[in-house]
Amino acid sequence: MTGNLRKKLFRDLRQNFVQFLAIFVMCFFAMLVLEGFDSDETGDSRSVDEYYRDTDFLDLYAESESFNRQDLLNLKGLPDVADAELRSTVNGKVRLSEEKKVEFNFIQTNNISKMLLSAGENYEEGMSGIWIDRSFAERQGIEIGDALQCVCNDNRFTEVVRGIIDNPEHMYFVIDDTYTEPDLGDYGYAFLDAGEYPGADISYNRIYVDLKTVENQFNLDDHDIAMLDNAKMEIMRALDKTGLTVVTKQWEAGFRAYQGDMEYNDTMGIVFPALFIMIAMLGIMTTMTRLVTRQRTIIGTLKALGFSRQAILIHYISYSFFIALTGSIAGSIAGWWTLGKTLNSSMNRFYTNPYARMEFSMKPVIVTIVIVMMAVMVNYFSCRKLLVQRASDILRPEPPAVVGAGFLEKTFLWKLFDFATKWNMRDINRNRVRTLMGMIGVTLTTALMLSAFGTDEINHTTEGWQYDELTPADYTVTFDPEAGYGVVYDYAKQYDGQMIQSTQAETFHSGQTRLYNISIVDEGNLLRFQNKNKEYVHLSDHEIAISSRVAENYDIKEGDFISFKFPQSKERYSGRVGMIYKAPSNQGLAITRKYAESLGITFAPNMIYTNKTVPGSLEKDRQEVSSVTSKKAFIQSLRAKSAGTDETVTYTMTLAVIIGVVVMYNLGILSFTEKTREIATLKVLGFSTNKIRWILQQQNIIVTGAGTAAGLCLGIKVLELIVGSLDEELDYIFILSPRPYIYAFLLSFVLSLAVNGIISRKVIDIDMVEALKGVE
Amino acid sequence: MQKKTTDKEKKEPEKADEEKDGQRPLILFEGAGKIYRTGQIVYEALHDVNLEIMEGELVVILGPSGAGKSTLLNLLGGLDGATSGKIFFGGEEITAFDDVRLGKFRAHDVGIIFQFYNLVPTLTAYENVDLMQDLGVEIMDPLEALRMVGLEDRKDNFPSQMSGGQQQRVSIARAIAKKPRLLLCDEPTGALDTNTGREVLKLLQDQSRVHGQTVVMVTHNSLFAEIADKVVMVKNGTVVDVKINESPKDAEEINW
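Just so you know, the sequences run in chain order U and R. Letter 510 of the first sequence, counting from 1, is numbered 510 in this note's numbering, and no numbers are missing. Position in the second sequence (first residue = 1) + 1000 = this note's numbering.
What the hints contain is simulated information worked out from the structure, not anything from laboratory work. Predicted model, so just to flag it, every value in this text is computed and none were measured. Possibly wrong hints are sitting among the right ones.
A short list of chain U residues far from chain R (calculated; beta carbon distances all over 10 Å) [to be verified]:
1) Q70
2) T180
3) R237
4) V247
5) A311
6) S345
7) G559
8) A633
9) I742
10) I758
To list a few chain U residues with every Cβ distance to chain R over 12 Å, as calculated [to be verified]:
11) E103
12) Q108
13) R309
14) R396
15) H460
16) F603
17) E624
Partial chain R-side listing against chain U, Cβ under 7 Å, derived [stated by the list, open to error]:
18) D1080
19) R1106
20) A1107
21) N1118
22) T1122
23) E1127
24) V1240
25) I1244
26) E1246
We put the CB at the ideal spot given by N, CA and C, even for glycine.
Only chain U is shown next, with the shape it has when bound in the complex (with noise of 0.2 Å):
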């Protein structure tokens, strides 16, 4: 482009600030978003790949009351199978200024999910010592060198610290049921030499494999789900022992939380930069087309002195380009730090994840460049429509559009409209794309806008939820498997408490086998069920509820049949769905205590509720009892792992705001400006100004009407995604109160409203003689 042009460039820049900083605006706040969720992704996906390559993760772990080196040697031989160590989890306690509860994990060999030392010595065999973890060894206070006194199993023992350690499988670790989030550092995990195990003989009840078939990464693919499911057979078949459990490593809970995070925000980060994006490109296109429109005159004179074609092309398409490229840069730059860093603290909240870290992808060049090239091939295409003219066709003033009467201007109703309606239905009439731009920018705006109140209700409406609908105990007490059903039915007579046995089981449907959690429910109605109508539904003593995710991966319906398997035993117990429900979390499988007993299962209670208050005391003075947790306590966890999620939907409301007004005031100032003529016309004929800031507001109202109640519907769709995204252990009931339909509606009105105002007190400025003269 050459000197002048470059001048005139620039000067149209700013006397067209308005709308170009819409655009730059509209650019920015699509890349900020895309780039926040993009960084946090990528970082994420890339740093746990790593983690889990350098730590030789697990690909998948074999469960039981006990395993033997014999166990060991049968896996070792097995064809796919690259190694495999024994390993005896078991819960116990540190003493610490109060005593922590600790997960010891004895080990022969670290060569699965292995130990990644942060500070002090490598783990090798036959080492004592214990080697802690880090979170835990930084909220405490712990330091290599210090001596820890250990209970476990009854047992009391002192240990050095020799290393504070991260490990891959304690990623995402919630030590027992006491806590329903990760609390990092209030308890932890170690790690220490089988010949560090207290007591006369070890137990091993874990047997962890790696297979010479997959690889150690996060990101698996369909041949390795397949290997790995393969794998999981041939173990099964080699062991066969009662009471084993495989577990493939998709379904390790780390594993399976973290894959559900990224997930939900890989979701909200498609729907809101799409949603972002869209605005961008509507306004983008709006603007140039009329910039181009407006400067058809100067357009015919560049052409009429000799311009060439490209260079007037060249020269009006640098306007989309510098803005929507300046606009897209600065908002990824933004979306860096600000959504970015949000996004990564809060998930660094609940992983320990020792590589993570936010990452640059691909993703937001691409998406600039393609909003770049959309802004430049609206220029183009409209700029080009002038210039294959002649020039003085150009400079000819465009004859206006040639638009017939109305539907409505055919009817007698016509004759009852007063003037201000008849104006309004024939200028929406003659400006059909005007009119249906400026509805677009509303409906999105209110789409938005409700994506963003919605997901905020639906994050807060599982504590009402889940704590007053589902289960409305005070408190719950979770009991020793030892404990034994007399001491459980004891607490739950004192406590006025209804029994509940909750454990895992492997469940079966079509050749397929997952685990899930089953509750085998006793009288009482602190355990609720509903449908996916949020209307109360009692459990059948025939047959077996199962909650939608479940139904949904097994793609089950009412009617069928469903087998599941305690860990402990060989018996499989098959029964009829007689009905699904919905739960925000701990998907899984519920049967009546009755039914349970039909069926042959001997009640087995670990848990009560009860709505008496349980002195917090007995989780320390009562051995049978594992914890005691108050409603308060799990809402308040709820609460700490909603926090993330709550300032990203937060950032996005704020956002929608904005932007919301930035759209409205673009599109409502290009339509002013495009009707000059007109409202010059009607103050020359006599009409008050505030006659005709009230027409316009009536087709304002006409037009946001509309774009609001189509907003609405659009916003419904992309929440349903986003829900539709939520990890599979998560399942939020897709039913809003009005609350966030009448905040979009109400607020894309107020500001709609607010904004036309606005821009209509210019009528007030209005030059009438001015506005009237030549094409100019």
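Starting from the structure of chain U, add chain R where the hints point.
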């Protein structure tokens, strides 16, 4: 159709060439016509125009509104294409030019002065003149061009900061800066008061008399015929009369 009215009547182009001491006309129209089509509507703006304009002439094209004057000017400047006949400029047939060649023709050979000035509003007076340099055309110093139109001291003003007459003079400066062989003016005084209009006419006449440029001016004001070397009458889409003015007046002498 052309009507002969003087001794120096218009003749067949070939013959005319021979008669003028071997001088070839700069512009030659051979049965040129222009038809506009908008949907079902067909409008014949010009038909069978035959005309020749010699180098250095000041030609005034006169005619009532809708007669086809501007269309004639547009065809001459390559702003529009003829739908029939041929138009030659310096011996080259411009009706055969493609869009790129026409652009070059306008950039190098033609200076256009529009009725509504058509300045770029976001460029100063100086930059509007200098804009021609962006076309790769060799032009005189823009300041010199502005000095010629008496606007040297307004060089940094934007069009919106100038009167209509001043804007028109910038438009003339822009057109003359590249010293085109042909200067086309579409109602150059149409939006100006008498005094300013006279100044503009003087400038245009000087371009022809002093600088030897061919100036073709479209106007509906018959008084302007008095300053022209040649007057072309257009009516109902055709040239009805071509008159040679033996003793054209100075622009300062006419009044309207």
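Looking back at the numbered hints, which does the structure fail to meet, lowest number first? 5, 13, 14, 24, 25 and 26
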